[in-house]
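As they're listed, the protein sequences go chains W and E. FYI, the numbering for the first sequence is 22 to 328, going by the working numbering. FYI, the numbering for the second sequence is 5 to 507, going by the working numbering.
Since the hints were derived computationally from the structure, they do not count as laboratory data. This one's a predicted model, so the numbers in the text were calculated from it and none came from an experiment. Careful: at least some of the hints might be erroneous.
These stretches of chain E come out as covered by chain W in the derived footprint (C-beta under 8 angstroms, 3 or more residues) [unchecked claim]:
1) 233-247
2) 278-291
3) 403-414
Even for Gly, the Cβ is constructed at its ideal location relative to N, Cα and C.
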Amino acid sequence: MGISLLQPVQKHEHLRQLESEAIYTLREVAGQFERPALLFSGGKDSIVLVHLAQKAFAPGGIPFPLLHIDTGHNFEETIEFRDELVRRTGATLLVRYVQDSIDSGRVREETGPYSSRNGLQTVTLLDALSELKTDAAIGGARRDEEKARSKERVFSHRDVFGQWDPKNQRPELWNIYNGSKNPGEHFRVFPLSNWTELDIWQYIVSEGIPIPSLYFSHVRKVIQRSDVLLADSEFLAKLPGEVPELRRIRFRTVGDSTCTGAIESNASSLEDILSEVISARVTERSGRADDRRSDAAMEDRKRQGYF
Amino acid sequence: MAAAGILRFATAGSVDDGKSSLIGRLLYDSKSILEDQLLSIEKASQQRGSGQVELALLTDGLRAEREQNITIDVAYRYFSTDKRKFIIADTPGHLQYTRNMVTGTSTADVSVILIDARKGVLSQSKRHAAISALLGIRQLVVAVNKMDLVDFSEHRFDEIAQEFSAFVAKLGIPQTEFIPISALLGDNVVEPSASMEWYSGPTLLKFLEEVEPHQKPFEELRLPIQYVIRPNQDYRGYSGRIESGALNVGDTVEVSTGSTARVQSLYVGGQAELGAIAGQGVVVELDRDIDVSRGDLLFAPTSPPLVSDRIEAIVCWMTEQPLELGRRYLLLQGPTRVSATVESIVHRVDVDSLDEQPVSSLGMNDIGRIIVHTASPLHFDPYAVSPGTGSFVMVDPFTHSTVAAGMIQEAVSKSEPEIVTGKWLWLSIPIDDARSLSSELRKFGKVVVVLPNNLDDVLIKDFLQQGIHVISVGGNPMPGSVKVVIEGQDTRPLTLEAILSLL
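Here chain W stands alone, though its shape is the one from the complex (with noise of 0.2 angstroms):
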């Protein structure tokens, strides 16, 4: 990379253009929904989203609350960060929990070395959306991040049962976004679908944008399970022979912390993880157990309208 890229937003065309671009999506959003709301997960994307949201409708606050999808196996920065961030902007914050979904028996926990609640997140995020009658979910995917998510759209049409039939998506042309739909269905909306891991991270760097600890080097205590290294917790099932170790790591992606990879580094700086990115020879989500189970995984969850 040629390209400086510790400099303000001014100096990067790109991430000038790419801001201008999420800022116009966010505000569609808020022309044409009733009941928005913005999914946050705590990892960077959803941060980079708020950041981007407080940019949009300045001098106002944030239109539309926060929703946050606890699964309960979350890391503890990622629950104090949330709570310093909502402060800090004065936006809204909903919360839905995993935990009410398995008791009420919505879904049934997994069970073994392998069981994650990442999947049973769907149940309860489609349950938050019908009871809040939410008519457009904001995230924060990127079309890099995987294959299937490379022909989703701005503006995602989700039926009433919010699942994705990629075949049948509605061409979507210049900047104009068809918001319409049928009472009970909902759109999910992508502000950063243009955007790399590269770009995230560049963004993060020259608008000073905070991120929880965990993105930083840091000694935990981990298991090494085939190449993947997962966060050791009482939520975490150990298969037999497997011992939790000592090791300086840092995490690429946030999420539940049974199936969030991480990796050894002594990036400490936002600087670092930058030469770290820019040098990497692993994507991203490839530190995700959930990815794995098939070459096909993501579109499965997508259709059954995972976020």
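Following the hints, position chain E against chain W.
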């Protein structure tokens, strides 16, 4: 160093001409493919019994596509080099997927067209060039692929370049670059070819890195309002993105509703600023309380847009249910939303031959010129001047799907259509055939009566003066009528076309 921006380009190609391999090669050679992605396609290539790693698998995302070995929709790919960030709109190459090409090209700066050196110029390549021209693309790159399979022949390359140049000349696209490549071997994609020393031009990537996206010279202020920001009683800000021109604090602006006001304050990306330019999202506070809402347009009073409730537009029809004249559709123009009907179809454009044909409807993947009537006047500019205020989509109000994409050509004058007198034809066909012909003609908006050839010509003149066409049958042609002789059996479609051209 100049700020490095984003170059968006659209690719399309026929089945098997190596488009997916080309994209795979661009991503691979520019080091945008990471190790685990590579491992995953190696695994998939082995499962398919393929001897080598198929770079095409990188881009064939959805399961249905992999099962059928086809791509079914527009996919977006990303890579960057030292020079700029690239966004590829990768559109499928099936004959019936004009609509996907239109979609992918709508946001592109440049079109990359693939031609298989063995097969030469196919209708699909022409179609992509024609669609690019319609959508205002000013720069084409023609990648002549599989040069390795024609022994890297300069003669073959020249032949193709000549044939395609002749076609592109008809489209009015000012710049076309021809590059001989082999996506499979990597020649002239990222690295220069060692096998084609006769070629001295840039590699595909070098061309894409250096091409200047065509700048529209349009500099008049156009600011469509998306959303009204009202944090408290004392502040009301109008948010939107400046499509063209510039805006400064103190400027006088006119709103499409008719009022004018001055700009009191401006926010850009959350910061108070004194001015803003095209491409920036702004929040505008005005110095007086006037009614502005979502879908209104702000512009400078000295350079207003066109205003009309009847527009002529070129549309691409995008859905299986055909266009219905007189049916109510929703028209979305940026954040503006208005009810509209299609009043008439001027013609259909055959994107392969560029011929204009009279038709009664447009079906999926058809491109045609139509007259649209809107429930309230639209403020717009011709698409060629300002895509931001000259483009629209049409939405079916019942299924909510996007049924058409349109590019406004001009306003249609509001004055009553001039009185045209009808034509009087004498046809050599049975009266029943003439009657069914007349009902076909009615679908094209032609009012026709069929009369036996023994009627008083005063009555006939009466019809003609009212603009009604008269078709006489039987007997001999009467003086004053145009004699049309139809020969042979089963000539219906021919007859219809012949008659339409006379009316």
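How the hints compare with the structure:
With 8 residues having a Cβ less than 8 angstroms from any Cβ of chain W, the segment 233-247 of chain E passes the three-residue criterion, so the hint holds. Given as covered by chain W, the segment 278-291 of chain E passes the check, having 4 residues with a CB less than 8 angstroms from a CB of that chain where 3 are the minimum. Under a criterion of three residues with beta carbons nearer than 8 angstroms to beta carbons of chain W, the stated coverage of the segment 403-414 of chain E is upheld, 4 such residues being counted.
Hint compliance for this structure: no hint is broken.
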